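Undergrad: Use the sequences and the hints to build the structure in full.
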Amino acid sequence: EADIYQTPRYLVIGTGKKITLECSQTMGHDKMYWYQQDPGMELHLIHYSYGVNSTEKGDLSSESTVSRIRTEHFPLTLESARPSHTSQYLCASSGGLRNSYEQYFGPGTRLTVT
Amino acid sequence: KQEVTQIPAALSVPEGENLVLNCSFTDSAIYNLQWFRQDPGKGLTSLLLIQSSQREQTSGRLNASLDKSSGRSTLYIAASQPGDSATYLCARRDTDKLIFGTGTRLQVFP
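Going down the list, the protein sequences come from chains A and B.
Under my numbering, the first residue of the first sequence is numbered 7, with each subsequent residue one higher.
Under my numbering, the first residue of the second sequence is numbered 1073, with each subsequent residue one higher.
In case anyone wonders, no lab produced these hints; they're calculated from the structure.
Note that the coordinates shown come from a computational prediction; the quantities given were computed from them, not determined experimentally.
Heads up, some of the hints might be wrong.
Within a straight-line C-alpha distance of at most 20 angstroms, the following computed PhoX-like cross-link-like pairs (lysine-lysine) qualify [said to hold, decoys possible]:
no., chain 1, residue 1, chain 2, residue 2
1, A, 63, A, 37
2, A, 37, B, 1140
3, B, 1169, A, 63
4, B, 1114, B, 1140
Stretches of chain B that chain A covers, calculated by requiring three or more beta carbons in the stretch to come under 8 angstroms of a beta carbon on chain A [what the hints assert, rightly or not]:
no., segment
5, 1111-1125
6, 1130-1142
Computed list of chain B residues with no C-beta within reach of chain A, every gap over 10 angstroms [what the hints assert, rightly or not]:
no., residue
7, 1076
8, 1079
9, 1086
10, 1087
11, 1089
12, 1090
13, 1151
14, 1153
15, 1154
16, 1155
17, 1158
18, 1174
19, 1175
20, 1181
Ideal placement from N, C-alpha and C gives every residue a C-beta, glycine not left out.
TA: Encoded structure:
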């Protein structure tokens, strides 16, 4: 059972607000990822991290930013939310001893910007 | 562009049928391939991971195969049940990143 958590699960917020989506994992995984998924569409990687103080942009351009100050925590921030940011955001991690490349996903945050 | 394609896009079957979901990818230099299940509005649950050196993996009623030379993977679901209804996604690993297909939406009716 994967132990990766995301909060909030659902968020409805007005345009221009700053928001932070939280992601935490208790598996000690070194790699963490953020994906964006629009309804009925495939997942696209927007950020990833190989470890503490490491962050990289993914394949899909995103106005969000991330930080990795602690191994278990990988928050995603939008400085000024816009309706185009409405989507589902999924966090994942990998790096366990059994299979370091198998990714485990959190339940997701469904964001609606009005 | 390294694409991952899944066929069919949607499938509706009666309970008890054996199913095959298909996944094809354009780059045969694959590290591994992972199959996931996604329930509506939820995150992804990892089902099976096949390393590039393996031909197949099995877990319960699920069997996934990998044919690198033809750029294909299949997910076989035996004796389908209504609880299997979900979207099934395959993803190929590109270094440390996953490239996802658009999924097959499966409905199993009683």
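Undergrad: So, for every hint listed, does it hold in this structure?
TA: Consistency of the hints with the structure:
Annotation: proposed proximity of residue 63 of chain A to residue 37 of chain A holds, straight-line Cα distance about 14 angstroms (limit 20 angstroms). Restraint check for residue 37 of chain A and residue 1140 of chain B: not satisfied, since their Cα atoms lie roughly 26 angstroms apart, outside the 20 angstroms limit. Using a Cα cut-off of 20 angstroms, the hinted pair residue 1169 of chain B and residue 63 of chain A holds, with the two alpha carbons roughly 11 angstroms apart. Only pairs whose Cα atoms come within 20 angstroms are accepted, and residue 1114 of chain B paired with residue 1140 of chain B is rejected, the gap being roughly 30 angstroms.
Only residues whose beta carbon comes within less than 8 angstroms of a beta carbon in chain A count, and the segment 1111-1125 of chain B has 7; three or more means the coverage holds. For the segment 1130-1142 of chain B, the proposed coverage by chain A is not satisfied: 0 residues have a C-beta within less than 8 angstroms of a C-beta in that chain, short of the threshold of three. With a closest Cβ-Cβ approach of about 8 angstroms to chain A, residue 1076 of chain B is found to fall inside the 10 angstroms limit, against its non-interface label. Chain A leaves residue 1079 of chain B outside its interface by the beta-carbon criterion, the shortest separation being 14 angstroms against a cut-off of 10 angstroms.
At roughly 25 angstroms, the least C-beta separation between residue 1086 of chain B and chain A is larger than 10 angstroms, which holds for a residue marked as non-interface. Against chain A, the non-interface label of residue 1087 of chain B holds: every CB pair exceeds 10 angstroms, the least being about 25 angstroms. For residue 1089 of chain B, the condition that its CB be more than 10 angstroms from all CB atoms of chain A holds, with the nearest at approximately 24 angstroms. The claim that residue 1090 of chain B is not at the interface with chain A holds, since no C-beta of that chain comes within 10 angstroms of its own (minimum 26 angstroms).
Here residue 1151 of chain B stays apart from chain A, with its beta-carbon at least about 24 angstroms from theirs, past the 10 angstroms limit. Interface exclusion of residue 1153 of chain B from chain A stands, the closest Cβ pair being 21 angstroms apart, more than 10 angstroms. No beta-carbon of chain A is positioned within 10 angstroms of the beta-carbon of residue 1154 of chain B; the least distance is around 22 angstroms. The non-interface label for residue 1155 of chain B is consistent with chain A: the shortest C-beta to C-beta separation is roughly 18 angstroms, beyond 10 angstroms.
For residue 1158 of chain B, the condition that its CB be more than 10 angstroms from all CB atoms of chain A holds, with the nearest at approximately 14 angstroms. Not every CB of chain A lies more than 10 angstroms from the CB of residue 1174 of chain B, the least distance being 5 angstroms, so the non-interface label is violated. Consistency note on residue 1175 of chain B: stated as away from chain A, yet its beta-carbon is not over 10 angstroms from all of that chain's, at 7 angstroms minimum. For residue 1181 of chain B, the non-interface assignment is confirmed: its Cβ lies about 21 angstroms from the closest Cβ of chain A, beyond the 10 angstroms cut-off.
Hint violations for this structure: numbers 2, 4, 6, 7, 18, 19, all remaining hints satisfied.
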